[in-house]
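Colleague: According to the numbering used here, the sequence shown is numbered sequentially starting from 1.
These are calculated hints, taken from the structure and not from any lab test.
It is possible that part of the hints are untrue.
[To be verified] Computed cross-link-like contacts, DSS-like style, restricted to lysine-lysine with a CA-CA straight-line distance of at most 30 Å:
id, residue 1, residue 2
1, K295, K338
2, K178, K338
3, K192, K178
4, K164, K66
5, K314, K167
6, K164, K178
7, K295, K266
Given the structure is predicted, the values throughout are model-derived calculations rather than measurements.
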Amino acid sequence: GAACTRALRRIDTRLQVTLVEPNRTFTACPFSNEVIAGLRDIGAQQFGYDRIAAEGVTVIAQLAVKIDPQTRTVGLADGTSLGYDRLVLAPGIDLRFDALPGYDETAAAKMPHAWKAGEQTLLLRRQLEAMDDGGLVALAVPAAPLRCPPAPYERASLIAYYLKAKKPRSKVLILDAKDSFPQQRLFENAWKELYPGMIERISLSQGGRVVSVEPATNTLVTDFGNYDAQVANVIPPQQAGRIAQLAGAADHTGWCPIDPVTFASKLVPDIHVIGDACIGGGIPKSASAANAEAKACAGAVASLIFGTAVAMPKLDGACYNAVAPGYAFSLSGVYQPKDDIFAEVEGSGFTSPIDAPREVRMREAEQAQSWYKAITVETFG
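Produce the complete structure using the sequences and hints provided.
Modeller: Here is the structure:
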């Protein structure tokens, strides 16, 4: 959302652009797994909106609680409302606390999800610091779609890095509602190399899907057995953020169908949806892809307002995954509209080689740091 407002102002300063955001500080998810592992301070994840306001964007620190497409107004928590010609929703994801029996917002205070960066990130970090050497850390990973599909496995890796240094008799258990995941061989090879015998993953077909939790005992229940963990990181199923539901922009899947050329909602007129909330086809739910969508959407919205032709978007998406300090790999692609969804341009996809030497992994770790700095400066700096 921040990237889109900034792009709109840079396209044409005649546009009156308002950013409605209840939080005065944005806490970024990329690299938050390093905070959990004690490798990074939470302050490195936090950004304000002052520079965006300085460029002429009106920033309103309120929660949007209602959208009326007929009158084209957004209702705010303080009782006021805003009119719009075009409305862009960047709702992110909400956690489906109704989808996993036993898991709700109260349970998350004991079994953190840490899937929205901030206090939950720090809670999981504190739990790791407090656990006994020899304790079990269990991660419950949901079925797709989810925000940043490789991130649970990066998290398991970095938790193992922390445990290897501080609590070497401890283990990490991944209970997975999927049989396969992105860059699986790269992760598994790294686990064998760096954390032998420390990380175990039970896939869907092996009985790894968590069907309920018991917060009182930190128990994760699967179809084939129960697991008692000293630290339980429960990542529940997800859907588009609540404001998308209130606007009527989400369908029965919980996600938002869009026109991939303009990002216009297929369900509600004059509303566009960007980021993780979209049904994007082949494009991943990643920060890099969301940033590319934001800038392309800004161009489409400006064209629609001024009556000019909308350019065909061509979006770059990249995802870096760290398994230890100085050890990372990546995947990337270029995506364009095809058959009413986004599809990867043939031949554009890249994934790190399986048997690359350590200096290549080190270089990708440095590239990941550079990417994070560049995207946050572009958006907030």
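Colleague: Please verify whether K164 and K66 have alpha carbons no more than 30 Å apart.
Modeller: This hinted pair is violated, its Cα atoms lying about 48 Å apart.
Colleague: For K295 and K338, compute the direct alpha-carbon distance and say whether it is at most 30 Å.
Modeller: holds, 19 Å
Colleague: Keeping to a limit of 30 Å between CA atoms, is the pair of K295 and K266 held or broken?
Modeller: Holds, because 20 Å separates the two Cα atoms, which is no more than 30 Å.
Colleague: Has the given pair, K192 with K178, been kept, meaning a C-alpha gap of at most 30 Å?
Modeller: Holds, at about 21 Å.
Colleague: So if I understand the rule, the pair passes when the alpha-carbon distance is 30 Å or less; does K314 with K167 pass?
Modeller: This hinted pair is violated, its Cα atoms lying about 46 Å apart.
Colleague: Tell me if the straight-line CA distance from K164 to K178 falls inside 30 Å.
Modeller: Measuring from Cα to Cα gives roughly 26 Å; hence the hint holds.
Colleague: Checking one constraint from the list: CA of K178 to CA of K338, max 30 Å. Satisfied?
Modeller: Satisfied, since the Cα-Cα distance of roughly 27 Å is no more than 30 Å.
In summary, the numbered hints that this structure violates are 4, 5.
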